[in-house]
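Novice: Listed below are the residues making up each chain.
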Amino acid sequence: MIRLRNVCKSFGSQKVLDDLNLVIPEGKITAIIGPSGEGKSVLLKHLIGLLQPDSGQVEVDGESMIGLRRSQLNRIREKFGMLFQNVALFDSMSCFENVAFPLQEKTDLPKDEIRRRVLAALEDVGLKNIENKFPDELSGGMKKRVGLARAVVLNPKIILFDEPTTGLDPIIKRAIHQLIKETHARFGFTAVIVSHEIPEIFDVAQNVAMLYRGKILQHGSPDEIVNSDQPAVRQFISGSLDGPIQLV
Amino acid sequence: MVQAIGHLTIGAVRDLGKTGWFLLYSFYMIFRRPGSPVLILKQMRFIGTKSLFVIVLTAGFTGMVLGLQGYYTLAKFGSEGLLGTAVALSLIRELGPVLAALMVTGRAGSAITAEIGIMRISEQIDALETMALDPFKYLVTPKFIAAMVSLPLLCAIFDLVGIYGGWLVGVKLLGVNPGAYFYEMEKAVEWRDVYSGFVKSFSFGVIIAWIGCYKGYYAGHGAEGVSKATTESVVLTSVLILVWDYFLTSVLL
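Protein chains in written order, with this note's numbering: chain A, 4 to 251; chain B, 3 to 255.
Quick caveat, the hints were computed from the structure, so don't treat them as lab data.
Warning: the hint list may mix true and false statements.
Stated by the list, open to error - Once the Cα atoms are required to be at most 30 Å apart in a straight line, the calculated DSS-like pairs of lysine-lysine come out as:
1. A:K136 / A:K184
2. A:K82 / B:K139
3. B:K20 / B:K230
4. A:K109 / B:K44
5. A:K109 / A:K184
6. A:K146 / B:K139
7. A:K218 / A:K82
8. B:K44 / A:K114
9. A:K114 / B:K139
Just chain B, with the same shape it has in the complex:
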């Protein structure tokens, strides 16, 4: 019993150390050998451009539902005019970065793990090593850079589409004054809010690349190993995003 607990604890600490080392080494490699621009652009296309559709779709509906819910709440106080502010602040500070990151986790994070995991089990990573090449340069750093660039951009698009989603419901359907919607928003949203959203989405990009690559890099054996790694990757990334989001919000607020 005691032995089992000790064994589990040592295993957990070792995993934690390995995960931390993976992140540090990735950053070291980003500055030393970032990988070829072609690879980075390819990854940006995969993580960023190809996520656009799902981001726009979710952003639109998120904004629309915020419009509905916000209107319902604000109307109780007779302050429907603040709907634009409510929608914009919730999106920019919170929902934009988090939901965009969760969507990218589901779409690209899982794919990153599966791709690297399959390369691991089919010895392609070993093959790179035998050629005296650092696998990080080809597999990990391009994904880090692409995710760190793409996430803030996707988040900005999410915010914008969401604001217009709220506008569609609030102004077009429920009859909020269009001038008030945007004017109050402009008055209330500060640079600080945008900045905190940016910091969040940037760090979520790091988390997605980090956990996605790590889980794939150390995938177990066979198809089952890869499927397990992919599941773990998506779950862990999502949880980490939410935990880190709370932490960042409390620091940045």
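The following block holds chain A by itself, in its conformation from the complex:
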């Protein structure tokens, strides 16, 4: 379980997270939705300690993530896998090396076992015969899928997905959502997905939280969100131009 309590974060004079409270239940898929530029990625980076809040508390399984030494922080981070918004593959390594990297550095597995697992992970995300290619030789969708394979290859307890399907065609989008659901059913990890895929994400997630103006405006099951009576939530889901959310 991940718990955020009274988290505030500003960049310069811009307040991004403003006294935010959120509990992410264990073993479920939680989606974070909300308008662009509202700090969803910032929120995600707080969960894994890439950003530290100005004030407030972030707890993972009851352990505070604030003010830790690197070694303590790393011990907690071992529970995590993360897919970045722009994937962040190591561009000087081939796809195979990218996915193999966490295995090589974090386990004592023999070479052929690593190879087997990497190829299996790549096949799981629907990629074959690309292991010797470099990230800049791949399309955006393929990169996302390699990133996905890298994030899940160690079977982490918690996986953070920052817009896993943005910019992908509808078929791959569905395939990735399917993949997240299936692997989740198989391994039961806790997942946090930042997503703009409305309404598809309601089919993937068991929990949806809407971030608006630095706070969690509403948090509940997909049904509760879809039938929300909050004007901002209704506007966001319907994609309407009229409502409390202004473009500028």
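With chain A fixed as given, assemble chain B onto it according to the hints.
Specialist: What follows is chain B alone, placed relative to chain A:
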């Protein structure tokens, strides 16, 4: 006005602290987790081996110009026989370490900053962190070790090529006695001179890796951030090398 000065001062002190911490932590990591030998060798190849051509080229011309200038000056006193000593001492004590370091700064220091800076802005460094891995082990310590090993070696090659450059001009073109060129050199150059050159080039290696990695690690946003970091890195490294060179010379002399 006062506020602006205060703001600038606090910023400068904070940057200085961050830079110093970066160096200390790098050394701590060198002893704790130096990174894989493969990475270190790769960096040595990049910082050392690939700098050879430019080092040999500059060393040759530096030695040749020293031969010319030295001959011109020494001939005024009728002591052309000391040309070998003049060339060797200026190279070993001063020009070898400094020029080799400046060439490596331009070639490898800038590349180090650009590489780490691009990894920073494309979140590759964050990705390492999320895997509970220390980015220093992969990006910083191999470069430190490679630079600390490569610079003294490059400096030695620079000295040697430079001495033969001086020989080419002094002995072959201007007719200095070849025996005198090397004999006087051997008599005058002491172990102390070689040692001071070694200490210099070693510490210049530290400076190149330190500033190169630091500027990349804390690069700003986007392509502009990386280009700014690279420029700053080269300028700061070059200035630091010259300042530190003066300081070391006054201590080691």
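Novice: Determine for every hint whether it applies to the structure shown.
Specialist: How the hints compare with the structure:
no., hint, in the structure
1, A:K136 / A:K184, "holds (28 Å)"
2, A:K82 / B:K139, "holds (21 Å)"
3, B:K20 / B:K230, "holds (18 Å)"
4, A:K109 / B:K44, "holds (22 Å)"
5, A:K109 / A:K184, "holds (26 Å)"
6, A:K146 / B:K139, "holds (25 Å)"
7, A:K218 / A:K82, "holds (26 Å)"
8, B:K44 / A:K114, "holds (21 Å)"
9, A:K114 / B:K139, "holds (22 Å)"
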